[in-house]
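There are 4 protein chains.
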Amino acid sequence: MIPRYSRPEMVAIWSPETKFRIWYEIEAHACDAMADLGVIPRANADAVWKAKDVEFDVARIDEIEAVTKHDVIAFLTHLAEHVGSDEARFVHQGMTSSDVLDTCFNVQLTRAADILIADMEGLLAALKRRALEHKDTVRIGRSHGIHAEPTTMGLTFARFYAEMDRNLTRLRVARSEIATGAISGAVGTFANIDPAVEEHVCRKLGLEPEPISTQVIPRDRHAAFFAALGVVSSSIENIAIEIRHMQRTEVLEAEEFFSAGQKGSSAMPHKRNPVLTENLTGLARLVRMSVVPALENVALWHERDISHSSVERNIGPDTTITLDFALSRLTGVIDRLVIYPDNMLANMNKFRGLVMSQRVLLALTQAGVSREDAYKLVQRNAMKVWEDGKDFKTELLGDADVLRALSAEQIEEKFDLGYHTKHVDTIFKRVFKD
Amino acid sequence: MIPRYSRPEMVAIWSPETKFRIWYEIEAHACDAMADLGVIPRANADAVWKAKDVEFDVARIDEIEAVTKHDVIAFLTHLAEHVGSDEARFVHQGMTSSDVLDTCFNVQLTRAADILIADMEGLLAALKRRALEHKDTVRIGRSHGIHAEPTTMGLTFARFYAEMDRNLTRLRVARSEIATGAISGAVGTFANIDPAVEEHVCRKLGLEPEPISTQVIPRDRHAAFFAALGVVSSSIENIAIEIRHMQRTEVLEAEEFFSAGQKGSSAMPHKRNPVLTENLTGLARLVRMSVVPALENVALWHERDISHSSVERNIGPDTTITLDFALSRLTGVIDRLVIYPDNMLANMNKFRGLVMSQRVLLALTQAGVSREDAYKLVQRNAMKVWEDGKDFKTELLGDADVLRALSAEQIEEKFDLGYHTKHVDTIFKRVFKD
Amino acid sequence: MIPRYSRPEMVAIWSPETKFRIWYEIEAHACDAMADLGVIPRANADAVWKAKDVEFDVARIDEIEAVTKHDVIAFLTHLAEHVGSDEARFVHQGMTSSDVLDTCFNVQLTRAADILIADMEGLLAALKRRALEHKDTVRIGRSHGIHAEPTTMGLTFARFYAEMDRNLTRLRVARSEIATGAISGAVGTFANIDPAVEEHVCRKLGLEPEPISTQVIPRDRHAAFFAALGVVSSSIENIAIEIRHMQRTEVLEAEEFFSAGQKGSSAMPHKRNPVLTENLTGLARLVRMSVVPALENVALWHERDISHSSVERNIGPDTTITLDFALSRLTGVIDRLVIYPDNMLANMNKFRGLVMSQRVLLALTQAGVSREDAYKLVQRNAMKVWEDGKDFKTELLGDADVLRALSAEQIEEKFDLGYHTKHVDTIFKRVFKD
Amino acid sequence: MIPRYSRPEMVAIWSPETKFRIWYEIEAHACDAMADLGVIPRANADAVWKAKDVEFDVARIDEIEAVTKHDVIAFLTHLAEHVGSDEARFVHQGMTSSDVLDTCFNVQLTRAADILIADMEGLLAALKRRALEHKDTVRIGRSHGIHAEPTTMGLTFARFYAEMDRNLTRLRVARSEIATGAISGAVGTFANIDPAVEEHVCRKLGLEPEPISTQVIPRDRHAAFFAALGVVSSSIENIAIEIRHMQRTEVLEAEEFFSAGQKGSSAMPHKRNPVLTENLTGLARLVRMSVVPALENVALWHERDISHSSVERNIGPDTTITLDFALSRLTGVIDRLVIYPDNMLANMNKFRGLVMSQRVLLALTQAGVSREDAYKLVQRNAMKVWEDGKDFKTELLGDADVLRALSAEQIEEKFDLGYHTKHVDTIFKRVFKD
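Protein chains in written order, with the UniProt record's numbering: chain A, 1 to 434; chain B, 1 to 434; chain C, 1 to 434; chain D, 1 to 434.
Pulled out of the complex, with its shape left as it was, chain A reads as follows:
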């Protein structure tokens, strides 16, 4: 985790305090369930809840772990210091450490997913607002970085909205992938603990019981989770690249918001760097890099090996923290992106109407000119634009051969931008469904 790329709410999910709190809840709920089953005395289960408002002392637990070399035992020892060692003697009975660790990890991932989902909803709101704002702001569409046909800035925002809306669905699916818990013992057979305990604990923690676990919860779930985050991050990169292109000096159709006070802004007004979206491009790589190790974590030996653990200690917090930060940063960028409609028009007209050459070509053939002749007509006028800086429409209007096929009005019509934007409403209805 890099502090500068993190936000406190997500960081808190991964703090030792939160972890121990979740461990505590798992153990306490498990005791309740065991008491209900008559496996342990009700009084002992009740006693565990005495620690309900305790904030566990991480330093003290670390101290105990330094001796016991076992994190869960260290925690249980510390818990007994609060609950009383006799009262606590049934805590964790029949359970294996992974029951606690894996269920806790999934609680953390689920909470992380909730934040990411909320982040995404915030991003969608920003994208939608900007899409509506610029629904009719015409800019040139580009393929291969080369001018193609006009489109609108609203369509650009709308397609990012649609992409992120799919990512919202993916995040929800990802959340459900890892929203399971397991309290099933050393190899998953419930030999020493009743399945009812798992059911109770999961219900209390908002998880589904894992239908079949071994010592651990199967890791294909986590692989699917991190793969989904990788897709989301690639979409972030997609938007970031678009903005970086729009901000480059020669294009300048948009700029990341640059506060008035920001140093150097007015002595070098040309030097406003799209550092946020460049940063997002890098953050996308960081999120994405968790996908392969998460996939490699799936194939564990027999009922479990612990190779996945060190990977998850890293990618669990780092990937969710980075993605949370990235989504939030992107939302800010979108919210305050400065759009330059005039520059959009200027860019579109850079080659003085040449982007309409294909429409003119089509119109000529539809007017009965042979394909070869039509091509020659367009070509000779296009070349005057390209080489001598003439205006395409003006040239066409002055070309007698062209005028034989098309009226001045018809030629004018080929340069009408409304032709290109006539289905924008239709597309918006499809995307925003309202």
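Bear in mind the hints are in silico, worked out from the structure with no lab data behind them.
Be careful, since some hints might not be right.
As the list makes no split between identical chains, a pair holds if one copy fits it or if it spans any two.
Calculated lysine to any residue pairs in the SDA-like style (CA-CA distance at most 20 Å, straight line) [as the list claims (entries may be wrong)]:
no.	residue 1	residue 2
1	Lys433	Leu207
2	Lys69	Leu37
3	Lys422	Ser407
4	Lys429	Ala196
5	Lys429	Arg166
6	Lys422	Ala196
7	Lys393	Glu409
8	Lys69	Asn273
9	Lys429	Asp194
With chain A held as given, fit chains B, C and D onto it using these hints.
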């Protein structure tokens, strides 16, 4: 694509013949829709269907492409050779090459997904059959490659079933991710073509219209598709690793089926290599390697660049063909896997009852022995087993201090395998839901 | 392998014919060495060379393999059909299949590396030529896509040269990584074959004997090989991205060569797409995707498992063929890249001298103006440029406060491009070392 | 960075204190060089060295950065607080932030590489010691996890030595890849700073001047660096997997050292988990995951974009810290690995001599028995071993048909382990070159 790791049905999806057939259908359906809209004459639309039963001549199209340097134009030229050049003159009107290419690619991926889904259903059937067959076949559960507590072979199959059942869901989601088409023109604005054409073509091809496209269908969809395949392949690796472990000489709890006639089998009966599951381990890596480039493909420049194309020409066929082969091979391995229950028992008893030491420890403390004393009692008997090869239960039954806490009957009970398998039915009900 | 992205010489390395030829040479040289050692009769070794000019019949070998289910045995059987079954009876004696397969694979990789090295030398020659040609062609240097300070096109080519020169070194190291052979038997102990055989065969094939092998040559070598190719491909992407930027409509400082006859070039002169460099961007991803599976291939079980094999059947040919094609294509692009110096100047002047604002700021402070005042002076003139389209130098020359600190001559000097190019020769000497 | 997987010396390289110290040295040396060139007054250069023994106040610098939003400016401001703001006024003159940041990063990577190289030398020493110790400790070699032919534990260690020795070379090459510095200004043209400054600073810091840089040092260098680390980590995984296999219950040929006091060791002596090597398997994945983003970092836009930066803030420290920890942990594991030669023999004899069946087969054919007959002879005796648990050699010695071809002595000889170990010395000489 490696021929030896491919199956004809999936290969056929990626043949030029199939591709041209799909292109043809896209163009023909588009003409129909345009005729319905009154944009082109009905007769011209009808004429295109004259080629309905034509098998397009790939060599001829290649020949034309060598001249035109454009694959779609080459195809259209060839189509006109069948339909008549006058009749064909409205084909592709208002469309851009990507309308055809992208929609076709998604048709191919959708069909590929259908095969993968069927493969997965076949694998699930095999896993379920073997799970039921070996529901009560006891074997030792292992964590860290070390004996832990007993489980059953049926549970092993059942957990693979549950994992692959999740993968079936992922494949279905993946299929829906890429089951869209787009006929929206050069930058996705429908400037030259009515959205109704897209709707008609998509309906005919079993796709949803892409709500908003640019020149291309957004690539987050494909990223999600290949990411899902990566998860599936990692689960294949997971099963493959389990079988490779079971077949290793010292374990020998299972073997890949080895036909009687296979050379060397009986002169070196110990040398039956798990080559199929080793191969599956490698194939999993091959499938997985498509995930990163698919993620890198998401961020295209503006309304499209063509960097994704060469990647997809490779991973489209290669990944689906390899995964199809792998799923099929794995199904065969599971179907015919030779299970050795006797070896399972022998392995479990390798340390003569020591795997039960934890149960004994627990029983002693529950019987009122202090934790320290209980530990010492277990330890001194365990050491006789470990160092002198004694039998654990026999030693316990001969230890007067132990017998003071536990009756012989109680000790015997701790070695009862039924204790470990008592919830197998419950788990099976969860997994197989019937 | 995608045929359109492949070149015959590299493809030939991976043909079955080449493979069998190499197998033959390994076996024949091994017989020679065994005869020298007196292990087999000289006559039998000599007899094997009878097949020296045979082109092995791939179909026939496949036919035999369909029966024997073993590729090396099938080949040996076919070889015996040429050499005579009695004469051939000592062929392969004491060897294991992997001795042939692994040594052959490394011969193929070595030859592939030779082609890649030659490709790189060709690319370097092109880069150097263009660097010298455009040593003094001034263009604006950009950070963050934003104009920074002037540089020259020659420096751009020179830095690509330097990067590719490092890649040449990496390719040479990569070649030496995999230029080893092993003829060491089933587990690498030379139990059934003398190490002298390995030495002889390796010497004849231009390889080093692997100091210690198991059944296979260790795969860290291959991992390092493919990792190096991944680095090379990322450098290809680096150059491709630069060119794609230069060709985008608003920049237009360079274009991929576009032959006069290429369709559409003159009717839509603005629509020349950088499709070759976009393609190279995708090919870079394809090459790079072999790195992870190659790394995953390193950890084999004990003296070998065969999980690496299916991976290598794919990435061996595909990665080298793709990289060869990419290097060749890039060389063509560089060789014929059309450079537009006028556009470079026009772009640099897009903001009428503002890129020099930092130099002016520095000059003012050096002339004794306080940092704050200097900033204000620059700012008020910069704003007139930015907002009203004035020329920066003109404004400065008309600003009395500025003129109090700097003479007109000094101001002029700040706009002298020679200031920025004065060390170009020094850098060229460092890069080209001549 | 995960604290539990880190060691202080490597962590210290990445502390803010170290970073600021390096920045200081770069700036101070640059001032010296500028004074030598007469560009700035000598007194000002000397003044900077007043801060030579200062430990920079990270909190204070952070405080300033909170205002200036720029890390290098914040540092320079703080430096001026020590040196005096007038004396410090030439510090950083003509330089760009990246000159400091990139050169510092490479100093850090170089130091990190030095630690990794020392780690590797330590590991090599441990591997060599254990190789010599177990040079003649016979164990079964395995292919596909199946018994093949005998080898020795010393050969296992020796091949890991050879692999890690190659990795030592790779680390040294990797170090030289990133041991460069650049002080070349905003776009690498040395417009505002003499190349002599770069040369001086680099010499003082033990770096080579980057022959040609832009605003940044080219990132192919860093890609090659992290790729090398990825290869090293895969070799770590290779050794880890071997040990995990050796420790699994059914094999038990080795165990990670388990201190006498470690809880649970003697009450459950069978339950010693190879947790260190499992952990190393996961750490290898963590190291490896930096390779792809490092490759993706190579293609920067024009003279630089800052997308690489966030990636490097993570993988710079995390990858080197993790690899350092992993190498150190592995060295400890190797140093203290408990080897069980008796179990090795017991495993080898698990199938009572069957592993020698191939030698017997060969001997029979060499003695003139036809291939078919030899096969049958071996097969019928092998089957008695496989199915009835007989001893292979005993059966052969009792088979009259076998005895017709081979004398009892010859049969005995086929079971001689010396046959398999006769070239161990030769191999050791190749590997250890002494």
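Now for the hints, and whether the structure bears them out:
no. : hint              : result
1   : Lys433 <-> Leu207 : between (32 Å within a copy, 19 Å between copies)
2   : Lys69 <-> Leu37   : neither (32 Å within a copy, 59 Å between copies)
3   : Lys422 <-> Ser407 : neither (23 Å within a copy, 58 Å between copies)
4   : Lys429 <-> Ala196 : between (49 Å within a copy, 14 Å between copies)
5   : Lys429 <-> Arg166 : within (16 Å within a copy, 34 Å between copies)
6   : Lys422 <-> Ala196 : between (61 Å within a copy, 14 Å between copies)
7   : Lys393 <-> Glu409 : within (11 Å within a copy, 45 Å between copies)
8   : Lys69 <-> Asn273  : between (50 Å within a copy, 14 Å between copies)
9   : Lys429 <-> Asp194 : between (53 Å within a copy, 15 Å between copies)
Against the hints set out earlier in the document, violations occur for numbers 2, 3.
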